[in-house]
Amino acid sequence: MAEPIAVQDLLLNLRARRVAFSRAGAVCALVGTLGYLVAFLLHGDLPDQTTESLLTFIADRPWAMHHLAIVFCLLLWVVALAGLARSLSGGIAWVLGRMGQGVAMLGMAVLLWHYNIDGPALEDVADAWIRAEGAEKAVLLERATILVSATNGMFPLYVAFLLGLPFLLFGLALVKSEGHPSWLGWAGAAAGGIAFAVGVTNFAGFDVLPMNMFVLSVFLLDLWMLAVARILWRDAARWSMPAR
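Mapping to my numbering: the sequence shown position 146 is 128, numbers consecutive.
Source of the hints: derived by calculation from the structure; they are not laboratory data.
Treat the hints with care, as some may be off.
What follows is a list of derived Cβ distance ranges for each label pair [unchecked claim]:
| id | residue 1 | residue 2 | range |
| --- | --- | --- | --- |
| 1 | R80 | L123 | 45 to 53 Å |
| 2 | G135 | R212 | 35 to 43 Å |
| 3 | W165 | I99 | 49 to 57 Å |
| 4 | V20 | W165 | 22 to 30 Å |
We treat Cβ as the ideally placed atom computed from N, Cα and C, and that holds for glycine.
Model the full structure from these sequences, guided by the hints.
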């Protein structure tokens, strides 16, 4: 018996949504990854000897704009993860994907909080400090020291809840999902697990893993997101084919 017209329209609508989510996710994964990689490399290692050396490094640089670019790139990652979540099949995979989405949004909130201080606030102080003299310079240096302390305290949370736990959950979701290679899931879980462990242990004050170890996760996640972009694009092509 032929399916009712309403049911056929519903199925076509669901297929169109999956195709749209997969294509958008693939584009966002690709653009976000390339942009984040460039921004990360341009950011470079900050001098950590003294607050003065840090302010000298930041002064007269487009520091806030640089951090805004990173925010937009990571927002594209969050959109890509939403597209990936729509491609998951199976109950456990679906749950893990939705959990990963939720944690990613929490991580974005932490990032915005962190970058509001590390970006425009610190840039304003650095620009003012480099031009100040005498007592005013000392006051600005003290203010900068407080800001740097705050950003250092929040940075491990950003690593744990944006670069770590979401990818750990999505990696496990891919392992449990049908139609996706399990190696991709294990690779994402490993990269996210490293970042999560680094962030949590440093936030808790345990001197177990060096904080700069998160850089390894960043480059692993860059490669992982490129693979996700390819898989989502192929998923969109498969679902856009007429049903037989």
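Here is how each hint holds up against the structure:
1. Against the hinted window of 45 to 53 Å, the Cβ-Cβ separation of R80 and L123 comes to about 46 Å, which satisfies the hint.
2. For G135 and R212, the hinted distance range of 35 to 43 Å is satisfied, since their beta carbons lie about 38 Å from each other.
3. A beta carbon spacing of about 39 Å between W165 and I99 contradicts the range 49 to 57 Å that was offered as a hint.
4. A hinted range of 22 to 30 Å holds for the C-beta pair V20 and W165, which are about 27 Å apart.
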